[in-house]
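Top to bottom, those sequences are chains A and B. FYI, full-length UniProt numbering numbers position 91 of the first sequence as 91, with every residue one higher than the one before it. FYI, full-length UniProt numbering numbers position 35 of the second sequence as 35, with every residue one higher than the one before it.
Hints are computed from structural coordinates only; laboratory data are not their basis. For each residue, glycine too, the CB sits at the ideal point set by N, CA and C. Do not rely on the hints blindly, as some may be mistaken.
Which residues of chain A face chain B? A partial, calculated answer using Cβ under 10 Å [unchecked claim]:
#1 Asn87
#2 Phe88
#3 Pro110
#4 Glu128
#5 Leu129
Using 25 Å as the maximum straight-line C-alpha spacing, the simulated DSS-like pairs for lysine-lysine come out as follows [stated by the list, open to error]:
#6 Lys119/A / Lys74/B
#7 Lys74/A / Lys34/B
#8 Lys51/A / Lys37/A
#9 Lys23/B / Lys37/A
#10 Lys18/A / Lys57/B
#11 Lys57/A / Lys23/B
#12 Lys106/B / Lys25/A
#13 Lys58/B / Lys106/B
#14 Lys75/B / Lys34/A
#15 Lys58/A / Lys135/B
#16 Lys57/A / Lys75/B
#17 Lys90/A / Lys135/B
#18 Lys21/A / Lys51/A
#19 Lys25/A / Lys119/B
Number of protein chains: 2
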Amino acid sequence: MSSKITPVYGPTNPSPEKFAKMKIKRYGSIIGLKPEKEQYYRQLHSSTWPKVLERLKKSNIQNYSIYIGELEGKKYLFSYFEYTGDNFEKDMQLIAADPETQRWWKETDPCQRQLPNRKEGQNWSDLELVFLMAKM
Amino acid sequence: MSSKITPVYGPTNPSPEKFAKMKIKRYGSIIGLKPEKEQYYRQLHSSTWPKVLERLKKSNIQNYSIYIGELEGKKYLFSYFEYTGDNFEKDMQLIAADPETQRWWKETDPCQRQLPNRKEGQNWSDLELVFLMAKM
Numbered sequence: 001m002s003s004k005i006t007p008v009y010g011p012t013n014p015s016p017e018k019f020a021k022m023k024i025k026r027y028g029s030i031i032g033l034k035p036e037k038e039q040y041y042r043q044l045h046s047s048t049w050p051k052v053l054e055r056l057k058k059s060n061i062q063n064y065s066i067y068i069g070e071l072e073g074k075k076y077l078f079s080y081f082e083y084t085g086d087n088f089e090k091d092m093q094l095i096a097a098d099p100e101t102q103r104w105w106k107e108t109d110p111c112q113r114q115l116p117n118r119k120e121g122q123n124w125s126d127l128e129l130v131f132l133m134a135k136m
Numbered sequence: 001m002s003s004k005i006t007p008v009y010g011p012t013n014p015s016p017e018k019f020a021k022m023k024i025k026r027y028g029s030i031i032g033l034k035p036e037k038e039q040y041y042r043q044l045h046s047s048t049w050p051k052v053l054e055r056l057k058k059s060n061i062q063n064y065s066i067y068i069g070e071l072e073g074k075k076y077l078f079s080y081f082e083y084t085g086d087n088f089e090k091d092m093q094l095i096a097a098d099p100e101t102q103r104w105w106k107e108t109d110p111c112q113r114q115l116p117n118r119k120e121g122q123n124w125s126d127l128e129l130v131f132l133m134a135k136m
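Produce the entire structure from the sequences given, and follow the hints as far as they go.
Listed below in C-alpha cells is the structure:
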C-alpha cells in the first residue's frame, strides 16, 4: 500500500520537529459531505453564528476557509486554517467545551460523513502538509 | 444530482461579486496523486526550485501550502493559496510562460492524476469556497 511510503522532509516540507516550532501552523483536513445536506450546510455557513467565530478566534485560529468539492462522484469538505497559539490541544478543548459551538456542531455534524482515517475523537481527517511557501 | 443544489451566498460565503472585490483571494484546489510517484513528489517539494518559488511570489501568490490525503483508497493533493494581485489571469499566464516553471511541471505533472471536473487548460480542479473567517 502507498501508505507505507516514508515521508521526505526538507526545508519547505516541514518535519514534525520544524512544524512544532512554527509560529503559524497550517492545518488541512477533509470530511465527507452528505449531498442531501449540502444546501443546509451552505446556509449555515453563509452566516456562521458570531459566538462560534468568536470562540475560534479566542482559540488562536485565523484564515479559516472551507471548500466544497466533488471527487469520483462524492462530495467532500476541505478545510484550511492557521493556528497561532502555543497550546493547540488546550485551545481545541476550549472550542469543544463551548456550549454555543456544541449547538453549532449539532447542526453541522449530521451534514458530514466521517472518513475511516480520522483520528479518534475527531470528526475531520487530517491531511499531511508536504509543501509550504509562506509570506515573503 | 447534488450539483443542481443552488449555492447560498452570504457574508462569510462570498458571492462571485464579493469574491472579486476581496484584497486577498483564497483558492482551494485538488488533483489526484499517483501512489507510485508519491515518494518523488515529496522529494521534489522538500526543496522546491527557488526560481519556481520566485515566479509564484512575483505573480502575487502567498501562503501556498499543499497537502496529501487518502480518500476511499486513493491519494489526492489539496492546495491552498492566497492571491493578492489584481489580474489573476495574467499572473497565471506569466507563471505558465516561465521556462523554469515549465521544467518543474515536467517533473510534477507525471506524478498527478487529473480529475474529470477540472477546467479546460488547468491541471488542478477548483474547489468552491463556502466559508471564510479571515484574520481578526
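The hints, checked one at a time:
1. Checking Asn87/A against chain B by beta carbon gives a least distance of about 18 Å; that is not within 10 Å, so the hint is violated.
2. For Phe88/A, the interface hint is violated, since its Cβ never comes within 10 Å of a Cβ in chain B; the closest pair sits about 17 Å apart.
3. Annotation: interface hint on Pro110/A violated; nearest CB of chain B at approximately 16 Å, more than 10 Å.
4. The restraint placing Glu128/A at the interface with chain B holds, with a minimum CB-CB distance near 5 Å, inside the 10 Å limit.
5. Interface restraint check: Leu129/A against chain B, minimum CB-CB distance 6 Å, threshold 10 Å, status holds.
6. Annotation: proposed proximity of Lys119/A to Lys74/B holds, straight-line Cα distance about 18 Å (limit 25 Å).
7. Restraint check: the Cα-Cα separation between Lys74/A and Lys34/B comes to about 19 Å, which is no more than 25 Å; the hinted pair holds.
8. A distance of roughly 23 Å separates the Cα atoms of Lys51/A and Lys37/A; the hinted pair therefore holds under the 25 Å criterion.
9. Our distance criterion of 25 Å between C-alpha atoms is broken by Lys23/B and Lys37/A, whose separation comes to about 31 Å.
10. Only pairs whose Cα atoms come within 25 Å are accepted, and Lys18/A paired with Lys57/B is accepted, the gap being roughly 23 Å.
11. About 21 Å separates the Cα atoms of Lys57/A and Lys23/B, which keeps this hinted pair within 25 Å; it holds.
12. Between Lys106/B and Lys25/A the alpha-carbon distance is near 30 Å, which puts this suggested pair outside the 25 Å criterion.
13. For the given pair, Lys58/B sits about 21 Å from Lys106/B by alpha-carbon distance, which is consistent with the 25 Å threshold.
14. With a CA separation close to 21 Å, the supplied pair Lys75/B and Lys34/A stays within the 25 Å bound.
15. A distance of roughly 12 Å separates the Cα atoms of Lys58/A and Lys135/B; the hinted pair therefore holds under the 25 Å criterion.
16. Between Lys57/A and Lys75/B the alpha-carbon distance is near 32 Å, which puts this suggested pair outside the 25 Å criterion.
17. With a C-alpha separation of about 21 Å, the suggested pairing of Lys90/A with Lys135/B holds against the 25 Å cut-off.
18. Between Lys21/A and Lys51/A the CA atoms are separated by roughly 30 Å; this puts the pair beyond 25 Å, and the hint is violated.
19. At most 25 Å may separate the alpha-carbon atoms for a hinted pair to count; Lys25/A and Lys119/B exceed this at roughly 31 Å.
Figure legend: structure checked against the earlier numbered hints; hints not met, in rising order: 1, 2, 3, 9, 12, 16, 18 and 19.
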